[in-house]
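A.B. asks: Listed here are the chains, written in short residue letters.
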Amino acid sequence: MKEKILEIISNYNKDKTRLMDILHDIQSIAGYVDAESIELLHKELGISASQVREVISFYHFYSSEPLGKVNIYLNDSVTAIMHGREAILETFEKECNVKEGSVSEDGQFGLFHTSCIGMNDQEPAAIINGKMFTRLTPYRVKEIVKDLKSGKDIKELIYEGDGGGRNALPGIHSMVCNNIRRRSALLTHDYTPFDVTKKVLANTSPEAIIDVVEASNIRGRGGAGFPTGMKWKFGRKAVGDHHVIICNADEGEPGTFKDRVILTEFPELVFEGMVIAGYAVGADIGLLYLRYEYKYLLNYLNGILADMRSKKLLGNGINKIEGFNFDIRIQLGAGAYICGEESALIESLEGKRGEPRDKPPFPVERGYLNYPTVVNNVETLALIPKIITKGSDWFLGLGNKASAGTKILSISGDCNYPGIYEVEWGTTIKDILDMSGSLDVQAIQVAGPSGALIGEKDFGRQISYTDLPTGGSMIVFGKERDILNDVVMNFLNFFIEESCGSCSTCRNMTSVLKERFTKILNGRGVKSDIDDLLNWSELLKVSRCGLGQTAANPITSSITNFRHLYENLIQKDVVFDTGFDLEESVKASCAAVGRQPILHNM
Amino acid sequence: MSKKIIATASLAGCFGCHMSILDIDERILDLVELVEFNKSPVDDIKKFTKRVDVGIIEGGCCNSENVENLKYFRENCDVLISLGECAIMGGLPALRNGIPIKECLAEAYLDGPTVGLNTEKIIPNDPELPMILDKVYPCHEVVKIDYYLPGCPPRADLIWDALVALLTGSEMDLPYEVIKFD
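Respectively, the protein sequence lines represent chains U and F. Quick note on numbering that gives the first Met the number 0: the first sequence kicks off at 0 and runs consecutively. Quick note on numbering that gives the first Met the number 0: the second sequence kicks off at 0 and runs consecutively.
Hints in this document: simulated from the structure, not taken from any laboratory. Predicted, not measured: the structure shown is a model, and the values here were computed from it. Treat each hint with caution, since some may be false.
As a list, the in silico SDA-like pairs of lysine to any residue whose alpha-carbon atoms are at most 25 Å apart [said to hold, decoys possible]:
| # | chain 1 | residue 1 | chain 2 | residue 2 |
| --- | --- | --- | --- | --- |
| 1 | U | Lys98 | F | Glu102 |
| 2 | U | Lys526 | F | Asp77 |
| 3 | F | Lys143 | U | Ser62 |
| 4 | U | Lys586 | F | Glu106 |
| 5 | U | Lys3 | U | Ser62 |
| 6 | F | Lys120 | U | Arg594 |
| 7 | F | Lys49 | F | Val31 |
| 8 | U | Lys518 | U | Asn492 |
| 9 | F | Lys70 | U | Glu583 |
| 10 | U | Lys526 | F | Val31 |
| 11 | F | Lys101 | U | Arg594 |
| 12 | U | Lys513 | F | Val142 |
| 13 | F | Lys101 | F | Asp125 |
So the derived list for chain F, only partly shown, Cβ under 8 Å to chain U, looks like this [unchecked claim]:
| # | residue |
| --- | --- |
| 14 | Ser63 |
| 15 | Asn75 |
| 16 | Val78 |
| 17 | Leu104 |
| 18 | Ile122 |
| 19 | Asn124 |
| 20 | Met130 |
| 21 | Leu132 |
| 22 | Met171 |
| 23 | Leu173 |
| 24 | Val177 |
Yeah, the Cβ is synthetic: ideal placement off N, Cα and C, and Gly gets one too.
Working from the sequences, and respecting the hints, build out all of it.
C.D. replies: Now the structure itself:
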């Protein structure tokens with residue numbers, strides 16, 4: 000084993016910035032990263048053993064403890080729960096004889112929860128040994144486990160056949176479905192791959208490309224909405240030995256899955272967008288950071304890159320343009336929501352924990368390995384070839400004044416037709432609900448847990464950078480859903496799980512908020528608790544990154560828009576209650592020492 | 000003016016805060032002019048004998064007796080003060096928070112290096128003993144607390160100034176050095 004691990008390390012030229020890949024490779028042959036491997040990594044890479052450990056412990060899909068032969072990661076997003084996750088979990092636990100969060104005694108099965116895996120339109124879903132399984136039912140789970148026990152290979156288990164579109168290609172061969180239900184600017188097939196690279200770049204200056212992008216008014220599609228043209232301009236101006244283009248394909252916001260569909264059906268658009276960005280910014284390094292959950296797309300995407308290289312669309316002297324040298328490498332993540340934040344993503348690309356950096360300097364000044372770095376979302380980059388081909392006026396003709404173009408929405412939850420909808424900016428929430436067949440709607444979560452939970456009075460509002468900005472996640476909740484217990488609590492747990500722990504506000508306050516929220520749910524709340532929740536939420540805004548700054552949004556937006564749900568739960572005639580419960584708090588110790596609690600006159 | 004009445008208690012604390020009360024030195028003579036002590040380790044009065052103006056609590060709650068005592072203070076005091084780190088945040092005893100109580104008890108009575116005399120491997124469970132709580136609670140998580148005086152222990156001057164301010168109704172000077180700890 001030692002030789003194999005040394006071989007892996009030398010495959011990456013003992014480069015410590017490739018630690019992510021090295022850990023993936025070690026785990027794929029050894030099942031986990033043991034102490035001996037950590038020691039080897041410390042010696043060979045010239046980093047301390049604790050530096051290796053802190054990376055392993057940071058990411059959900061690395062482990063320094065033995066895992067099962069088969070490892071099941073069951074998604075615990077709110078939509079999974081709404082579609083019957085509990086029964087799926089019970090069936091897995093029973094059939095595999097293992098409790099969630101552990102490995103079975105025979106070492107056969109590991110069963111773990113995991114944050115949203117980008118399959119909200121086909122829940123409940125699980126990742127089993129890296130392979131995606133969607134639309135699970137207890138019946139299917141029994142079949143799957145039976146076959147796994149009989150020694151069948153994971154690849155033989157897809158009874159239902161492949162999902163539609165390119166999911167059926169041999170390179171993907173997955174049961175995942177695209178569910179594209181509305182196509183507009185990006186998702187229509189009016190694009191000849193690499194036409195821009197072949198026909199336009201040779202006779203257009205980088206500045207002219209940036210001018211078109213800037214004139215189109217396109218803003219970042221990941222959620223923050225920074226003007227793309229301006230970002231490219233800054234990147235081009237910044238001085239460095241290398242310039243870097245990063246495509247952020249770490250979509251982790253619960254409820255969003257549009258990047259998965261774009262990468263499945265239109266990867267050429269994305270890669271060509273990167274090439275154009277590389278040309279415009281003067282970059283030579285291209286990186287696509289693919290979330291681990293989408294590993295099933297990795298070979299397929301690498302195949303396309305190889306094809307591009309063979310056609311001289313990547314590499315040195317692309318399309319015979321002198322001095323235009325640009326190549327793309329795909330970096331696989333390892334399970335961390337925070338890596339969707341651009342500076343955390345860059346840290347991760349450098350083989351470190353995905354902890355956001357202090358800003359400034361911004362990535363366009365000092366990003367990946369301190370080179371000027373432009374980070375763009377998958378959807379943003381995929382729109383670029385179309386904007387260059389059709390012109391900025393075409394793009395400006397779509398959407399509304401503040402928000403040009405279209406937005407791809409990932410709609411899921413209590414709607415008849417969950418899936419991908421490409422709409423123009425300015426579309427109202429009511430139209431979105433109508434087009435997705437959402438009836439009897441109580442609430443819709445716009446832009447995921449870090450966004451806003453809105454109710455009927457706001458259904459006339461528009462998706463727009465100036466009204467309701469969104470990275471595309473839309474989760475619909477029907478009238479019968481328990482918003483506080485099921486939705487808000489799920490989101491709070493999500494942020495507690497995914498906080499990187501760097502800022503004390505985000506590390507602690509998320510748990511403090513949950514405690515107070517739980518007190519209200521338990522019927523011990525008083526009016527001042529609601530005020531406390533709102534006041535304390537303000538503290539989170541001093542956190543370093545967007546995760547921390549928005550981690551209280553499930554609380555604040557549910558209080559703002561669904562205050563009556565809280566008021567129904569609080570005690571009417573009590574002004575103060577700590578929520579302390581003596582009976583509950585002595586239960587564990589009395590059980591441990593074997594005595595009956597005495598609770599009289601207390 | 001009738002004397003204000005004060006009561007004090009040490010719950011899951013080390014009595015360091017009470018030592019700090021005594022650290023006001025000869026000013027204790029002035030204090031006696033201002034106040035009368037009721038239930039307190041200072042005078043060893045066990046039960047409240049009258050309504051109390053100010054209750055001062057050292058230490059958090061680690062067992063059911065602490066809880067009972069704290070509630071008893073809340074019922075009998077108009078104003079209740081958490082005095083010192085343990086009352087305010089749990090302090091050193093709260094280091095066990097996060098470790099399951101079963102493991103704590105096992106370490107203390109069965110597995111630890113100093114359990115040699117416990118040959119019968121007994122974890123004390125006499126009904127007379129207070130019941131251990133699942134974690135150490137700061138006072139304000141059990142009852143309403145009106146004021147907090149931080150420190151480990153709070154400086155004698157801080158205690159003196161706070162009591163004088165409270166008892167005379169004057170404003171209190173709280174310079175940064177007094178409430179910053181690092």
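A.B. asks: Each hint needs a verdict: does it hold in this structure or not?
C.D. replies: Now the hints, each set against the structure:
no. : hint                : in the structure
1   : Lys98/U x Glu102/F  : holds (21 Å)
2   : Lys526/U x Asp77/F  : holds (22 Å)
3   : Lys143/F x Ser62/U  : violated (44 Å)
4   : Lys586/U x Glu106/F : holds (19 Å)
5   : Lys3/U x Ser62/U    : holds (18 Å)
6   : Lys120/F x Arg594/U : holds (16 Å)
7   : Lys49/F x Val31/F   : holds (17 Å)
8   : Lys518/U x Asn492/U : holds (15 Å)
9   : Lys70/F x Glu583/U  : holds (17 Å)
10  : Lys526/U x Val31/F  : violated (41 Å)
11  : Lys101/F x Arg594/U : holds (13 Å)
12  : Lys513/U x Val142/F : holds (20 Å)
13  : Lys101/F x Asp125/F : holds (17 Å)
14  : Ser63               : holds (6 Å)
15  : Asn75               : violated (15 Å)
16  : Val78               : violated (14 Å)
17  : Leu104              : holds (5 Å)
18  : Ile122              : holds (5 Å)
19  : Asn124              : holds (4 Å)
20  : Met130              : holds (4 Å)
21  : Leu132              : holds (5 Å)
22  : Met171              : violated (24 Å)
23  : Leu173              : violated (21 Å)
24  : Val177              : violated (23 Å)
The structure fails to meet hints 3, 10, 15, 16, 22, 23 and 24 from the earlier list, while all remaining hints are met.
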